[in-house]
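**Student:** Take the given structure of chain A and dock chain B to it, following the hints.
Chains A and B, in that order, are what the protein sequence lines are. My numbering puts the first sequence at residues 5 to 396. My numbering puts the second sequence at residues 5 to 396.
Keep in mind the hints are simulated off the structure, nothing from the lab. Please read these numbers as outputs of a predicted model, since none were measured by experiment.
Identical copies carry no separate label here, and so any pair may be met within one copy or between two of them.
Straight line, CA to CA, 25 angstroms or less: simulated SDA-like cross-link-like pairs of lysine to any residue:
id, residue 1, residue 2
1, Lys36, Phe24
2, Lys174, Leu376
3, Lys174, Pro127
4, Lys174, Phe93
5, Lys174, Arg333
6, Lys174, Asp334
7, Lys174, Tyr383
8, Lys174, Thr390
9, Lys174, Glu387
10, Lys174, Asn388
11, Lys174, Glu94
12, Lys36, Pro286
13, Lys174, Asp393
There are 2 protein chains.
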Amino acid sequence: MNGPSLALRQRSLGDPSAEFPLFPPLTRGCPKTSTDEIAYPLEVAYDYARVDRGLFTQEPGTDIARWSPLLPPLEAPTLGEGGTPLLPFEDVFIKDESRNPTWSHKDRLNRVVVSAAVASGAPGVVVASSGNHGASAAAYAARAGLPAIVLTSADSPPAVQDFVRAYGAKVVSVPPEARWPLLREIVDRLGYHPVSNQTVTHTGHPFGPEGYKTMAYELFVQLGRVPAAVFAPTGYAELLFGMWKGFVELQLLGLAERAPRMFSCETASGGPHARALATGAPAAIVELGPSDAYGISGTVGGHRGVLAVRDSGGEAVLVTDEEMRRAQRDLARQGMWQELSGLAGVAGYRRLRRDFDGPVVCVATSSGFKDLGVGTERYPVLENPTLADVMS
Amino acid sequence: MNGPSLALRQRSLGDPSAEFPLFPPLTRGCPKTSTDEIAYPLEVAYDYARVDRGLFTQEPGTDIARWSPLLPPLEAPTLGEGGTPLLPFEDVFIKDESRNPTWSHKDRLNRVVVSAAVASGAPGVVVASSGNHGASAAAYAARAGLPAIVLTSADSPPAVQDFVRAYGAKVVSVPPEARWPLLREIVDRLGYHPVSNQTVTHTGHPFGPEGYKTMAYELFVQLGRVPAAVFAPTGYAELLFGMWKGFVELQLLGLAERAPRMFSCETASGGPHARALATGAPAAIVELGPSDAYGISGTVGGHRGVLAVRDSGGEAVLVTDEEMRRAQRDLARQGMWQELSGLAGVAGYRRLRRDFDGPVVCVATSSGFKDLGVGTERYPVLENPTLADVMS
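Chain A on its own, in the form it takes in the complex (with noise of 0.2 angstroms):
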C-alpha cells in the first residue's frame, strides 16, 4: 500500500550494538546477551531516513499495511485490523482496540508474526494462548493458509474456548504446565513458527510488538499530536512497549517534539514489571495470586515493558479486580463494554489521578463476550408483566 518494508535487521534489546539479519526472527531471545536468569529481546531496526513523512498524513483504516515501510514485511493477508475509534470518557480518551478483527489489540501482532511465519516458510504456525492470542493467532493463520496449533488450558471462559475453536485450529486443552515443553518439541521437530514465548523472561517474537507500533502512529494522527500520557493493560508488555517505540520513532523522524509519559498497568494479584521496576531488574517473575482479570495476569515479565517505561519516565500501577470492575461498569454505561483485563487502564488512570499537560489515553484492548462469567447467569422471566412490574 504503501511501499515496501524498510525494515533492515533485529537488534538486541540488551545491548544496541548486538545486530543481527532481519531473518530468521530470533524467537528465543538475544543469542548475546541473555543469561540463564534474564532473557534480552530483541527488535526490528529500520532505514529511517527512507521514510515519506507523507505516511503520517493518511486517516486511520482497516489494515496496518497503511504502514508498511515501518513494519517488517507483511506477507500474511489482512483481516481489516487497525483503525480503531478514539472516544472520550470522563477526562481521557479510550482507544477502543475491540473494534479489531477479533474484536482485541492482539490482531495487530498476529498480522506481523503470521506474516514473519509466512516469510520463513514454515509449515504451521504454534502458540500457548486461553484467550484473545490464540484466537487471533489462528484466524490469521486460517486467512493465510497456514496450519496452527494452538495449547490452551481448561480455565478460560467457555465462550472463549469455543472462539479459539471457530478458526479451525488444531486446539488442544492441556495441563497449563504442560504447554511449554510441547511449544518447543513443536518448533524443534515440526519447525513450526511460535508466536509466543520460549524464555525465561518474556522475551515472545522480536516482530510482535512491530504491530503495536501502528496504534501510536493512529493515535498521533487521531488527536493531531502524541498523547501526555498513556495508561495500558499489561500482561507481557508487549502492547506497552510496542506503542512506546512508535511515538520514539514519531520523535526521530522530527514528526513530534516529545513521546508520551508510558504507564504499565498489571493486576494487584501479581505485576512482575512493577517488581522489576522497583527493584531495578531488567526483568522479574513473582508469584501469582487470584484474579478474574485472565487475560493478563502472569508471573512473568520481560525487559521491554521496563524500558518502556523507565525511558518514557512512566509508572507502573497495580490495580485490583475491583477497580476493574468499576472501570468495567462505568465505561459500558457510556456504552463501551469491554473485558476486564482490558481495562486496566483505566483503572490504572483512575488510581493514579494524576494531571497530565496534554491529552490521556487509555487503550481498552477486547470485548465484554470474553470475560469469565459472561452467559452463566439466569434470569427470571417475569410472566404477565405490568407498567408497574416493568418500573419497579
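**Tutor:** This is chain B only, laid out in the frame that chain A set:
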C-alpha cells in the same frame, strides 16, 4: 463534521405524495395510507440539490457523522460506528459489520434513532429485542444519557442476555407475546421513544434505515464503484432497504450510473418478504418454523424489503440453517467468525450462484460470540500430552 443535516421531511412509502414534517418521527407508520392489514413505513426526504459531492471522496471512518448532510440530525453522540472493512472471500466481498461498537450493524441504525429520541426531547427509549438491536439501543441511549427499557425474551443465548444488560438499561425478560402491548404502554404513558416496530406489518422507526445508507456510501468509496449485487441477511429488511436507498441516492446525485440488485436472504423457516414478493402483496405475515438464526427469524415482514428487492431487480432467497452453518464454518476458516444469522447473505449468494457483471457484496452483520450454543460445550483436557497426542 460535514455540515448540517439536509433532511427536509418524512414521506410515505405507501404514497410518495403523502408528506409530513420531519418531527415528530411517525413511529406507527404512515397515517394516510396504512390499512388494518398493511402498515406502510415512512422514509426521510432530503434537499439533494444542496449536497456537496465532495462528501464521497472521503475515506470511510468510524463515525457516520461524516455523512451528516444525508442523515437526520445526529443529536446523539457517536460510539465510533461505521468504517467497517470490506474483505475478499471466495468470489465475493464481505462487509464485516461485526466491527461496530456493539459488534453488529445495528449500531448504524441506533445512532440515528437514539438521535431522534434526543431531538424529540423524549425522557427515554424503549425497545423490544432479545439480541443485537436491544444491546445497541441500550449502548447508544447510555452514551446519550437517556434511560432505556429493553423488553427481552428468555430464549436468547445466555451471553447475549448479559450483553443486553451490560449497558445499564432496565432489561425485563417477559413472554414474547407480552412485549408489544407493554412497548405501546411505555410509549403512551411514559412518553418513551420507541426504537421497535408498533404496527401490524413492519414499519419500524422512519429514520432507522437512514443509518444503514452509510453502508452503501462506504461500499461505493471502498470499491470505487457500486457493486453489481448485494446479499443481505434479512429479518425486517431495514438493512436491505437502507442500503438500497443509499445506492439510489448515489445515482440521483450523478455519482453512480446504476444501483445494484438487492437480494433479501431470509431463513427458510419463515420468509415473510419472499412470501410478499411471490404473491405480489405489499407485505406479508408467515408462520415460522424452527431455526437457530434467531437474529433474522420473524413472522412479520414489511413493505421496505419488498420495494428494495422489486425496484432493484433483485430476488428473495431463502436459506436453511445448514447452509448458514456451512457459510459460518467456511468464513471462520478464512479468519472471520460471524453469527449464524449474519451469514444468510453469504448462504444466499452461494445458493443462487449467479453471474453478475461486477463485484458482489455479502453483508456479514455480527460476531460469532452472539450465537446460540456458544459456551455450552465442554472440551476434555489432555493430561500428560505428548506430541503424538497433539498431532493425532
